[in-house]
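Number of protein chains: 2
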Amino acid sequence: MNEVLAFIEKNYDNFLEELKDYIRIPSISALSEHKDDMIKCANFAADKLKAAGMENVRLIETEGNPLVYAEWLHAENKPTILVYGHYDVQPVDPIELWESDPFEPVIKDGKIWARGADDDKGQSFIHIKSIEAFMKTKKELPLNVKVILEGEEEVGSESLTKFLNEENSKEILKCDAILISDTSLYDDDIPTINYGLRGLTFMEIELTGPNRDLHSGSFGGAVANPINELAKLIAKLTDENNKITIPGFYDSVQELTNEEKENFLNLNFSDEKFAKELNVEQLQGEKGFSTLERLWTRPTLDCNGIVGGFTGEGAKTVLPSKASAKISMRLVPNQDPKEIAKLFTDYVESLCPKSMKIKVTEMHGGRAVVVPLNEKAIKAASEAVSKVFGKKTVYTREGGSIPIVVEFMTQLNAPAVLMGMGLETDNIHSPNEHFKVDSFNKGILCSAHFMDIFSKI
Amino acid sequence: MNEVLAFIEKNYDNFLEELKDYIRIPSISALSEHKDDMIKCANFAADKLKAAGMENVRLIETEGNPLVYAEWLHAENKPTILVYGHYDVQPVDPIELWESDPFEPVIKDGKIWARGADDDKGQSFIHIKSIEAFMKTKKELPLNVKVILEGEEEVGSESLTKFLNEENSKEILKCDAILISDTSLYDDDIPTINYGLRGLTFMEIELTGPNRDLHSGSFGGAVANPINELAKLIAKLTDENNKITIPGFYDSVQELTNEEKENFLNLNFSDEKFAKELNVEQLQGEKGFSTLERLWTRPTLDCNGIVGGFTGEGAKTVLPSKASAKISMRLVPNQDPKEIAKLFTDYVESLCPKSMKIKVTEMHGGRAVVVPLNEKAIKAASEAVSKVFGKKTVYTREGGSIPIVVEFMTQLNAPAVLMGMGLETDNIHSPNEHFKVDSFNKGILCSAHFMDIFSKI
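First to last, the sequence lines map onto chains A and B. Take any residue in the first sequence, count from 1 to its spot, add 12: that is its number in the numbering used here. Take any residue in the second sequence, count from 1 to its spot, add 12: that is its number in the numbering used here.
Quick caveat, the hints were computed from the structure, so don't treat them as lab data. Hints should not be assumed to be uniformly reliable.
The list treats identical chains as one, so a pair stands whether inside a single copy or across any two.
Unchecked claim - Straight line, CA to CA, 27 Å or less: simulated DSS-like cross-link-like pairs of lysine-lysine:
1) K150 with K186
2) K244 with K366
3) K366 with K299
4) K273 with K404
It should be emphasised that the depicted structure is a prediction, and the values quoted were computed from it without experimental measurement.
Can you make the complete structure from the sequences, with help from the hints?
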């Protein structure tokens with residue numbers, strides 16, 4: 013491995029210059045005027061994969077932006093990994109808050125500042141460069157590698173999801189582990205492996221009272237008000253201990269193992285620092301659980317939006333006809349999103365007073381996943397990052413949902429290794445996105461070590 | 013009186029033609045491009061008052077639209093009435109829903125269709141024509157009459173309120189009763205006198221949780237959500253009997269007299285018809301009270317608007333920083349709007365959890381009024397409308413607030429006689445406003461009878 017690692021270290025600057033060129037292509041998937049940039053960016057990534065020594069490199073056409081595929085499959089009797097990443101980026105609005113051009117990367121304070129620097133051009137480029145290091149020094153990889161990059165992650169991964177659901181895709185992408193760098197380190201010097209994501213059920217409720225907006229003077233007091241009733245209904249969904257009251261909601265929740273509990277405790281999470289950073293006087297969550305447990309391992313119920321009546325400046329004495337709320341529930345293993353949607357619907361319908369009509373809509377959902385800590389790929393990744401950072405690896409979970417990860421795991425029946433090198437503070441969907449140059453460099457070393465270690469397990 | 017009544021009946025058609033000309037002036041106070049129309053309309057009304065035989069007719073300049081004043085004060089030892097009305101009208105949007113030009117009145121199905129036909133050109137013109145009938149036939153009025161018309165009723169009556177608060181205005185407008193036709197009949201063949209209006213306290217609550225919008229995946233479960241908390245807070249403001257829970261809220265509420273209760277019962281109000289017209293399966297209101305009692309004599313608490321988080325189409329998993337609601341309370345005698353605002357503020361602040369910051373703002377308010385049924389002016393008005401309609405007069409109250417009426421009563425220390433001739437179904441703030449020609453004609457007769465009867469009491 014020494015020559016591989018030496019090659020990487022010698023080429024840090026070159027790799028960074030190449031990443032800058034990758035970033036300079038404004039591949040914003042949300043904006044149709046960047047359609048040509050998407051193609052250009054896919055081709056750039058394909059060229060880099062070819063230059064790294066990958067074979068059978070090609071763009072896979074979709075109804076949306078092309079997928080980029082590459083493979084190197086000459087390591088007989090060795091495991092196969094699938095590297096996933098995305099070449100599309102978030103829009104840059106509000107542009108006036110950027111301190112430099114989002115598509116002209118700047119190196120400052122040891123960080124690279126630009127849209128996509130972290131999410132996910134910087135993070136996914138790591139693996140292309142570790143592949144190159146092996147190929148340029150040893151002419152081969154220690155295991156079989158497939159790479160798939162998509163250009164629609166920031167807009168819902170529709171084309172990749174469709175592709176994954178095609179029968180022959182399972183054969184094309186068949187692997188023993190999926191390697192993804194698109195998450196964060198627990199802290200910038202802490203080697204981190206993420207092994208769990210929450211799922212989601214997203215619902216919408218609309219209450220209709222009278223058939224038209226009424227004058228609250230002429231009608232108030234005798235006709236139920238949809239906003240007041242919606243408030244009462246939402247209030248009934250959680251209790252004074254911040255537990256969700258939907259009957260059956262917790263029935264299939266997988267409890268934490270003692271090992272996980274201990275791992276979380278060892279992270280020495282500071283509630284005080286967390287509250288201070290959000291400027292809240294007090295945190296609030298499900299009784300009987302710590303903040304990390306609440307964030308990573310317990311289901312939630314949050315209103316994501318509510319609207320009804322007059323919302324402009326000033327006063328208008330309307331008793332509105334309708335009020336509506338968007339409510340999402342983060343799920344944990346083994347809650348089923350469809351089942352939860354049904355329990356939710358039944359319960360809110362039962363709470364609706366006779367003075368109202370209710371419409372409940374299921375918007376979308378996805379399962380939670382947890383990769384067992386004793387999976388070989390997790391162990392290999394843990395050892396790899398520990399080696400590079402020189403510390404014991406911590407195991408984290410993530411409160412959010414990455415539907416494509418669940419899709420990969422389900423369709424390919426393989427564990428995902430979330431070896432993220434970002435930081436929560438990297439502003440990945442905001443102005444002034446950045447990525448530590450040191451994290452980029454370490455990431456390439458971690459990727460190389462992982463391939464080496466996983467090939468030997 | 014016979015010649016006065018005969019004159020009116022002979023001139024029904026002429027009066028209607030004059031009203032049409034009044035209506036043709038598009039005096040929309042909300043739209044600055046109609047500034048010239050406001051002046052034109054004020055002058056039109058002044059000319060009509062002069063032609064009717066009123067004296068000292070003049071426009072009173074204000075910072076907004078002019079007031080129109082007129083008087084006839086030669087009935088020695090007789091009472092003085094002040095007629096109030098407004099010459100401004102509501103905007104006409106959405107114009108495409110009108111079946112005819114809003115400012116080109118059409119007579120159809122026994123109704124005059126146009127903006128202002130009822131509110132308030134048609135209703136206030138009644139009194140100008142009854143004055144004219146006296147003056148043209150008897151060369152005098154049976155009592156002293158002052159008239160004040162404003163051009164800002166639909167935008168908050170700011171100039172008139174300011175005028176009423178000037179010291180010498182009290183002398184100019186001094187009177188024994190204020191006669192107003194700007195409300196509705198209980199039904200189109202029922203002589204009606206309205207003797208009460210609810211008051212209002214309008215509040216706004218804003219809850220702030222975290223210092224920025226958060227991702228509900230990464231933060232949900234550990235940080236209180238301002239929408240959920242706002243819903244809980246609003247839910248706590250009323251109980252399962254739809255009683256308001258604010259401590260002290262009902263302390264000064266004046267209960268109904270037995271006479272009023274009986275009057276209401278005799279109105280044979282149909283809950284079924286009311287619910288059907290609003291398309292609600294069930295009415296809902298304070299336990300222990302009838303619908304009319306709830307509408308006219310009991311205080312309320314209604315959310316007039318609520319907003320927070322993502323309210324567009326689709327789903328966005330935001331845990332918002334803020335959520336806010338506009339909440340108004342209709343008041344009854346003898347609740348004090350300022351006192352209620354304070355009770356409300358103290359209570360919601362006490363309900364706010366430590367995880368949130370709360371800001372409570374008092375937007376505006378006004379007292380409720382009830383004119384005692386034994387007031388001479390009420391008795392005279394009751395007798396007048398009963399005579400014209402040929403039935404026993406019913407006494408109603410109104411759930412809404414007309415702040416200028418309260419202002420008049422307070423500043424002039426005189427009872428208001430709400431002798432409205434409109435109908436709830438006249439679409440006064442909607443497309444296709446209309447006014448029954450028969451109600452217009454009857455209104456002129458009622459006005460004349462009232463002046464005659466009140467002069468003799």
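Results for each hint:
1. Taking identical chains as interchangeable, the C-alpha atoms of K150 and K186 lie at most 27 Å apart only when both belong to the same chain, with a minimum of 25 Å there against 105 Å between chains.
2. Taking identical chains as interchangeable, the C-alpha atoms of K244 and K366 lie at most 27 Å apart whether they share a chain (14 Å) or sit on different chains (21 Å).
3. Within a single copy, K366 and K299 get their C-alpha atoms only as close as 33 Å, which misses the 27 Å cut-off; across copies the closest is 15 Å, which meets it.
4. With identical chains, the CA atoms of K273 and K404 are at most 27 Å apart within one copy only, with a shortest distance of 17 Å there and 80 Å across copies.
The structure meets every hint from the earlier list without exception.
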